[in-house]
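Chain order of the listed sequences is A and B.
Those letters in the first sequence? Residues 1 to 158, by the UniProt record's numbering.
Those letters in the second sequence? Residues 1 to 158, by the UniProt record's numbering.
Certain hints may be false.
[Unchecked claim] Using 25 angstroms as the maximum straight-line C-alpha spacing, the simulated SDA-like pairs for lysine to any residue come out as follows: (1) 30/A x 50/B; (2) 35/A x 38/B; (3) 125/B x 11/A; (4) 35/A x 11/B; (5) 35/A x 37/B; (6) 35/B x 30/A; (7) 35/B x 8/A; (8) 30/B x 35/A; (9) 30/B x 30/A.
Keep in mind that the hints were calculated from the coordinates and are not lab data.
For reference, the chains in residue letters:
Number of protein chains: 2
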Amino acid sequence: MEESSYNTVPPGFRFHPTEEELVGYYLARKVSSHKIDLDIIQEVDLYRIEPWDLQERCGKYGGGGGGQEDPTTEYYFFSYKDRKYPSGTRTNRATAAGFWKATGRDKPVLSSSSSSPASVIGMRKTLVFYRGRAPNGRKTDWIIHEYRLQSNEHAPTQ
Amino acid sequence: MEESSYNTVPPGFRFHPTEEELVGYYLARKVSSHKIDLDIIQEVDLYRIEPWDLQERCGKYGGGGGGQEDPTTEYYFFSYKDRKYPSGTRTNRATAAGFWKATGRDKPVLSSSSSSPASVIGMRKTLVFYRGRAPNGRKTDWIIHEYRLQSNEHAPTQ
């Protein structure tokens with residue numbers, strides 16, 4: 001199959017992906033280094049950037065569009081996890097001004113393919129930004145939904 | 001300038017046009033028979049179709065998308081005005097099951113071009129669907145926003 005390629009989209013289109021599209025298309029292709037139709041999701045180093053500086057990096061197609069009321073501004077980006085220690089699994093979620101702290105439970109992202117039963121294709125973690133240094137810090141209104149692919153790390157190699 | 005052409009849009013994009021895009025791009029191009037990048041807005045004969053039958057004609061990219069809550073389903077279409085009498089200016093807004101009745105005042109659609117002061121590029125009329133026959137009829141929840149270009153009918157021909 002031939003792949004299409006885009007530089008932009010026609011007037012009136014806004015990037016309002018479903019979670020399934022984010023995980024099943026954009027994240028899956030990013031992780032596997034497959035071509036993404038339109039390079040809409042930028043890569044940022046989340047721990048070298050403050051939330052209020054994301055706009056200039058990720059602002060192109062996001063935000064509310066159309067006739068809708070959309071008080072929330074949303075940005076989409078890819079970021080690598082930063083390890084606190086080379087051998088550790090604890091991730092460093094601090095920026096210069098504060099830190100991201102997980103809240104609530106992780107939530108599965110389901111595939112809604114009509115040809116097969118729903119399956120878990122990824123997980124969503126929600127994090128809140130606190131100004132200051134852990135374990136102190138002042139909670140802000142900034143939140144991130146961090147998506148990851150459903151891990152196959154322990155699956156047998158093909 | 002070369003024009004782009006699209007058959008579809010990348011995953012995650014939804015059609016949520018601003019009023020300025022609807023009028024200044026889609027309607028203006030339709031009226032002047034200019035090419036529209038992606039043929040997303042279908043032509044329907046509004047007075048030969050009931051509102052609840054619009055979905056199958058106009059459903060492709062509309063509706064709520066992404067992670068947003070969007071209880072309203074919206075459809076976009078082009079329709080010609082139907083004249084009640086060949087010489088008249090009163091339009092016939094009846095379907096088989098009911099009729100569309102204007103409500104409120106028409107509202108200007110403004111151009112937000114940053115290079116010039118805002119100008120009126122079109123007008124929006126709101127109509128409500130009533131079941132039955134005028135002047136009776138039972139009001140429904142169906143509404144249409146009918147956009148027209150700012151009329152230049154009486155302007156001198158160039």
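These are the hints, each one checked on the structure:
no.: 1; hint: 30/A x 50/B; in the structure: violated (44 angstroms)
no.: 2; hint: 35/A x 38/B; in the structure: holds (22 angstroms)
no.: 3; hint: 125/B x 11/A; in the structure: holds (22 angstroms)
no.: 4; hint: 35/A x 11/B; in the structure: holds (13 angstroms)
no.: 5; hint: 35/A x 37/B; in the structure: holds (23 angstroms)
no.: 6; hint: 35/B x 30/A; in the structure: violated (34 angstroms)
no.: 7; hint: 35/B x 8/A; in the structure: holds (17 angstroms)
no.: 8; hint: 30/B x 35/A; in the structure: violated (34 angstroms)
no.: 9; hint: 30/B x 30/A; in the structure: violated (38 angstroms)
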